[in-house]
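Trainee: Residue numbers (this note's numbering), protein chains in the order written: chain A, 3 to 317; chain B, 531 to 789; chain C, 59 to 312.
In case anyone wonders, no lab produced these hints; they're calculated from the structure.
Be aware that a few hints might be false.
[As the list claims (entries may be wrong)] A few chain B residues that don't get close to chain C, going by computed Cβ distances all over 12 Å:
no., residue
1, R657
2, W659
3, E661
4, L665
5, V666
6, V686
7, Y689
8, L696
9, P714
10, W718
11, H727
12, G728
13, L759
14, V771
15, G783
16, S784
[What the hints assert, rightly or not] SDA-like cross-link-like pairs, simulated, lysine to any residue; straight-line CA separation at most 20 Å:
no., chain 1, residue 1, chain 2, residue 2
17, A, K80, B, F609
18, A, K80, B, G783
19, A, K184, A, G92
20, A, K121, B, L534
21, C, K252, B, A563
22, A, K121, B, E777
Note that the Cβ used here is the ideal one computed from N, Cα and C, for glycine as well.
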Amino acid sequence: MIAVATEGLVRTYRGRDKRQEVVALDELSIEIEQGEVYGLLGPNGAGKTTLVKILSTVLLPTRGTARILGHDVVTETKTVRRLIGIVFGGDRGLYPWISGRHNLNYWAALYNVPGPIAKQRVDELLERVGLGDRADDRVEGYSRGMKQRLHLARGLVSGARVLFLDEPTTGMDPIAARDFRKLVGELKGEGRTILITTHDMAEAEAVCDRVALIDHGRLLATETPRGLSRLVAEHERIDCEDTPEDVIEYVRGMIGVASVEARAEGGHRIQMGDSEAVPKVIKVLAEHGVASINTSRPSLEEVYLRIIGDRGLKV
Amino acid sequence: MNTLRVLRYAFETGWAEFRQDTWPPGWILRTAAQAAFFAMLGQLLDSPERLEYLVIGNMVVVGALATAIAVPQSTWDRFEGTYPLVVAAPSSILFPTLGRTSSRLVGAFLTSVIAFVILSWLFTIPRPWPEILALVPLLALTCFGTYCLMLFLGAVANYRPNVRNLVHNIATMSLMAFCGVNLPVSYWPGWIEVIAHGLPITHGLLAVRELLAGGAAGSILENAGLELLVAAAWLALAALVMDRMAESGRADGSIEFVG
Amino acid sequence: MRAIQGAIRVQFEITRHNVMDYYWMLLIPFFALIFMAVLVQSGRSDLLAYALVGPLLVGVGQMAFYVASEVLSRDRETQTLELELATPAPFALVVASRTMLLTSAGLLGFAESWLVARVVFNETIEVHHAGVLVASLVATTFAAAGTAVITSALFSLTRSARSMQNTVTYPLYVLAGVMVPAAFLPDWLEPVSKVIFLSWSADLLRDALSAESVNDFAPRLGAVLGLGAAALVAGSLLLGRMVDHLRHQGRLGI
Chain A
3 MIAVATEGLV
13 RTYRGRDKRQ
23 EVVALDELSI
33 EIEQGEVYGL
43 LGPNGAGKTT
53 LVKILSTVLL
63 PTRGTARILG
73 HDVVTETKTV
83 RRLIGIVFGG
93 DRGLYPWISG
103 RHNLNYWAAL
113 YNVPGPIAKQ
123 RVDELLERVG
133 LGDRADDRVE
143 GYSRGMKQRL
153 HLARGLVSGA
163 RVLFLDEPTT
173 GMDPIAARDF
183 RKLVGELKGE
193 GRTILITTHD
203 MAEAEAVCDR
213 VALIDHGRLL
223 ATETPRGLSR
233 LVAEHERIDC
243 EDTPEDVIEY
253 VRGMIGVASV
263 EARAEGGHRI
273 QMGDSEAVPK
283 VIKVLAEHGV
293 ASINTSRPSL
303 EEVYLRIIGD
313 RGLKV
Chain B
531 MNTLRVLRYA
541 FETGWAEFRQ
551 DTWPPGWILR
561 TAAQAAFFAM
571 LGQLLDSPER
581 LEYLVIGNMV
591 VVGALATAIA
601 VPQSTWDRFE
611 GTYPLVVAAP
621 SSILFPTLGR
631 TSSRLVGAFL
641 TSVIAFVILS
651 WLFTIPRPWP
661 EILALVPLLA
671 LTCFGTYCLM
681 LFLGAVANYR
691 PNVRNLVHNI
701 ATMSLMAFCG
711 VNLPVSYWPG
721 WIEVIAHGLP
731 ITHGLLAVRE
741 LLAGGAAGSI
751 LENAGLELLV
761 AAAWLALAAL
771 VMDRMAESGR
781 ADGSIEFVG
Chain C
59 MRAIQGAIRV
69 QFEITRHNVM
79 DYYWMLLIPF
89 FALIFMAVLV
99 QSGRSDLLAY
109 ALVGPLLVGV
119 GQMAFYVASE
129 VLSRDRETQT
139 LELELATPAP
149 FALVVASRTM
159 LLTSAGLLGF
169 AESWLVARVV
179 FNETIEVHHA
189 GVLVASLVAT
199 TFAAAGTAVI
209 TSALFSLTRS
219 ARSMQNTVTY
229 PLYVLAGVMV
239 PAAFLPDWLE
249 PVSKVIFLSW
259 SADLLRDALS
269 AESVNDFAPR
279 LGAVLGLGAA
289 ALVAGSLLLG
299 RMVDHLRHQG
309 RLGI
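Full structure from sequences and hints, please.
Mentor: Now the structure itself:
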């Protein structure tokens with residue numbers, strides 16, 4: 003079953019000078035299967051958060067439709083709100099002068115979770131996100147990482163089957179981010195559907211079943227992370243260093259080698275045209291004393307840069 | 531049942547903030563000083579009647595106006611990043627706001643009672659016994675009426691949260707100027723009088739003055755009834771605007787995820 | 059000198075775009091309206107000068123205690139405090155320049171209150187001693203700025219600045235007799251009012267608007283200036299202590 007579906011979704015705004023119309027989403031159509039972790043990658047201003055806001059009923063679309071588990075976000079708002087949970091990154095979205103437990107109890111009440119179930123669920127979530135010992139301390143004393151974990155617990159307290167995580171690891175250190183990804187994996191294992199917007203390529207590759215690239219409100223590509231890398235290059239490439247010129251020329255002429263280019267950071271990149279030729283090329287390099295040999299597929303970052311384009315620091 | 535839970539947790543959140551923000555001795559000192567600041571005009575005028583009028587007006591209003599914090603408080607969810615989460619929750623947006631801000635209503639009522647005790651002693655205002663006991667519900671009513679108006683203004687302030695303090699202070703000063711606190715409502719032009727009768731404090735304060743002057747119970751009850759009616763009207767308007775605000779925010783995209 | 063100019067210019071730009079920095083001045087006419095209405099209704103239009111001085115000094119006071127006093131805590135929030143401290147500019151002077159600009163905005167209260175008397179009550183409040191008035195206003199602004207240096211240092215250290223601000227203002231206005239002269243307070247409170255610059259300012263300003271001659275102008279003006287200077291010195295010392303404390307704790311930026 004399709005958990006999240008948008009069709010021809012459009013959202014426009016009046017620009018700062020009020021005369022120009024800014025298109026935040028441009029005929030966006032996506033489908034997310036139940037139990038899938040779906041990543042949305044794109045630069046700032048691409049429309050990721052706009053999409054999440056529409057799906058979480060906090061923003062109305064200008065045109066088009068969006069449905070959560072078959073329910074329209076505009077005409078069945080109340081029903082949709084009972085089905086979703088929202089988590090956004092950073093350390094806001096919590097009441098600082100009350101405890102973590104109190105925060106969760108409050109949100110459980112807003113989501114109409116019955117009292118006894120709320121109590122049990124709050125206890126379990128606090129343990130799960132590692133805040134069991136600090137549950138009754140005021141949030142204003144929590145570290146940023148603790149606040150982010152509490153925020154995640156907040157998003158889960160309603161028992162939502164569909165979760166929207168909007169750049170959830172913003173500002174997290176690598177260890178905290180890794181723990182967070184582990185948690186996302188567990189949630190997936192529970193059959194929850196997760197839409198995650200992120201800048202973090204490693205995160206998208208690690209947790210997402212499929213990744214969509216979005217820019218200027220338009221969907222550019224949707225594929226598995228491996229599938230996306232094939233958009234840049236069908237086969238592996240071999241990076242080698244300190245390779246004699248004559249060996250480079252020899253490899254260039256081998257069957258199954260598409261091209262050999264010098265790399266800006268030193269060494270050469272051998273782009274393969276046939277994956278079966280990889281062992282032969284490696285054998286040639288090794289026989290000629292090349293010690294530094296590395297095979298890889300294009301990373302999501304390369305895919306991103308290739309498809310979205312290199313804009314430098316330009317906003 | 532669940533609405534009660536929402537109100538309870540929201541109230542506890544607001545109460546924790548109130549305790550964080552408030553240092554009781556300082557609060558009492560400020561309350562007494564604020565009322566005295568205006569009431570002492572009576573001493574300047576060397577008129578005991580004027581002094582009594584000013585003291586009664588200001589000691590009632592200084593508590594009621596403590597509810598004015600509900601205006602900025604109604605916008606705090608925006609700055610804390612919790613507003614989109616409250617909007618996206620299945621329950622009505624009214625109850626979280628009502629619960630959180632009602633903590634200030636309790637604070638305002640306590641302020642009113644304390645202000646009365648201190649100022650009536652300082653300025654030797656008559657306290658007829660046992661009629662004075664009826665003052666307690668009248669003070670509560672005046673605070674409630676002012677609170678309902680502030681809820682409405684808080685809902686309106688959500689359109690432009692940055693001017694929340696301006697809205698709350700203009701409301702406070704307007705009530706002080708036109709609702710019979712420092713001089714009778716009848717002093718002002720007719721159109722201001724009409725507006726004042728639709729505002730809180732006007733009737734509640736009249737009821738208090740009548741009570742302290744040994745006035746007829748019927749008249750006191752009539753004014754109390756009018757104060758309650760005014761309160762109910764502002765509460766209904768507040769609920770309407772809050773709802774409209776959330777819908778308008780969804781339409782114009784002003785509800786931000788603040789991470 | 060350049061640092062002072064720069065500080066004043068940046069504070070002007072910050073305040074210009076932030077209505078919440080000068081909204082207090084929009085409330086001053088209400089104070090004037092209330093006081094003047096009570097006086098006029100009581101047949102005491104001769105006391106209208108009191109109802110001009112009171113709101114004026116409330117305006118200066120609110121700008122000092124609510125706006126100027128938040129200069130540093132805002133710098134901490136925007137994380138510019140560390141950057142300011144890393145410059146060679148004398149920090150106390152920079153802060154005092156900014157508070158001076160903000161407290162001087164309170165002087166608008168004079169024009170506002172005067173206009174309320176004229177437009178609403180058809181009364182003209184005459185300035186009988188213009189020199190005394192101008193000197194008193196300048197001295198008051200200076201003293202308010204000096205006081206704001208102290209309070210800005212204090213408020214930047216505490217999370218409960220707002221409750222401190224709320225606690226201090228009205229008691230100060232009553233004790234200083236900004237509306238009703240301090241002479242109406244119990245005798246034992248008079249020494250307290252004498253150490254508050256606002257009480258000297260209020261008396262001087264009322265005298266400036268009175269037809270009677272102004273006695274002891276120089277020493278009284280000296281009292282305002284002296285209290286302001288003392289506040290500035292104390293504020294500078296406190297600023298230094300505050301910065302050291304925050305540096306020690308690693309809390310210069312929030």
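Trainee: Among all the numbered hints in the text so far, which are the ones the structure does not match?
Mentor: As far as the earlier hints go, 8, 9, 10, 17 and 22 are violated by this structure, in ascending order.
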